[in-house]
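Asker: Below are the chains, spelled out letter by letter.
Protein chains: 2
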Amino acid sequence: MYLVKVYVTLKKGILDPQGVTIRGALEALDYKNVREVRTGKYMELELDAPTAEAAREEAAEMARRLLANPVIEDYRLEVEEARA
Amino acid sequence: MYLVKVYVTLKKGILDPQGVTIRGALEALDYKNVREVRTGKYMELELDAPTAEAAREEAAEMARRLLANPVIEDYRLEVEEARA
Numbered sequence: 001m002y003l004v005k006v007y008v009t010l011k012k013g014i015l016d017p018q019g020v021t022i023r024g025a026l027e028a029l030d031y032k033n034v035r036e037v038r039t040g041k042y043m044e045l046e047l048d049a050p051t052a053e054a055a056r057e058e059a060a061e062m063a064r065r066l067l068a069n070p071v072i073e074d075y076r077l078e079v080e081e082a083r084a
Numbered sequence: 001m002y003l004v005k006v007y008v009t010l011k012k013g014i015l016d017p018q019g020v021t022i023r024g025a026l027e028a029l030d031y032k033n034v035r036e037v038r039t040g041k042y043m044e045l046e047l048d049a050p051t052a053e054a055a056r057e058e059a060a061e062m063a064r065r066l067l068a069n070p071v072i073e074d075y076r077l078e079v080e081e082a083r084a
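In order, the protein sequence lines correspond to chains A and B.
Under the working numbering, think of the first position of the first sequence as 1, with each following residue one higher.
Under the working numbering, think of the first position of the second sequence as 1, with each following residue one higher.
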């Protein structure tokens, strides 16, 4: 079994209103030194797959089809072996 | 300037209905080998701070006060030096 960590972030240049809101909230809490906040999503998948490479390929397909919106988002994967 | 990556995940044992929904959607797309999906949040902060250690401490305080809910969530930080 493999643990696949999926990081989904907005592409450069895409507006991130949630990040702007968090930055404003931090500023209201007196954190004046935060220049920018960008938000994203994080997912952990537990996958049955024969090899780490197979797990990565399958997770990449899932990311493209469902987990990320490839028009506005990028994704990054990390694959670890997990105890079954 | 430092780039702080903040990973917020639900504590073990906390129900994750969003993860359950994603798992169901993956199954409907014929990915039958996904045992579990856990979701989380990911944020990148650009911080002005004198040292990496100061950036980490300040980001940890932000995580405890605003970015994560310590009752149900854990957070993890990575600090990188960024071009100013």
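Hints were generated in silico from the structure; no laboratory data involved.
These numbers come from a predicted model, not from an experiment.
You may find that some hints are simply not true.
When chains are identical, the list treats them as one kind, so a pair holds in a single copy or across two.
[Claimed, not checked] Calculated pairs, PhoX-like style, for lysine-lysine (alpha carbon to alpha carbon, straight line, at most 20 Å):
hint : residue 1 : residue 2
1    : K32       : K5
2    : K12       : K41
3    : K12       : K32
4    : K41       : K11
5    : K11       : K32
6    : K5        : K41
Asker: How would you classify K12 and K32 at a CA-CA limit of 20 Å: within, between, both, or neither?
Answerer: neither (24 Å within a copy, 33 Å between copies)
Asker: Is the C-alpha distance from K11 to K32 at most 20 Å within one copy, between copies, in both cases, or in neither?
Answerer: neither (25 Å within a copy, 30 Å between copies)
Asker: Which holds for K5 with K41 at a C-alpha limit of 20 Å: within a copy, between copies, both or neither?
Answerer: both (11 Å within a copy, 12 Å between copies)
Asker: For the identical chains here, do K32 and K5 meet the 20 Å Cα criterion within one copy, between copies, both, or neither?
Answerer: between (32 Å within a copy, 18 Å between copies)
Asker: What label fits K41 with K11 when the C-alpha limit is 20 Å: within, between, both, or neither?
Answerer: both (13 Å within a copy, 16 Å between copies)
Asker: Check K12 against K41 for me: Cα-Cα at most 20 Å, and say if that holds within a copy, between copies, both or neither.
Answerer: Intra 15 Å, inter 18 Å, cutoff 20 Å: intra and inter.
Checked against the numbered hints above, the structure violates hints 3 and 5; every other hint is satisfied.
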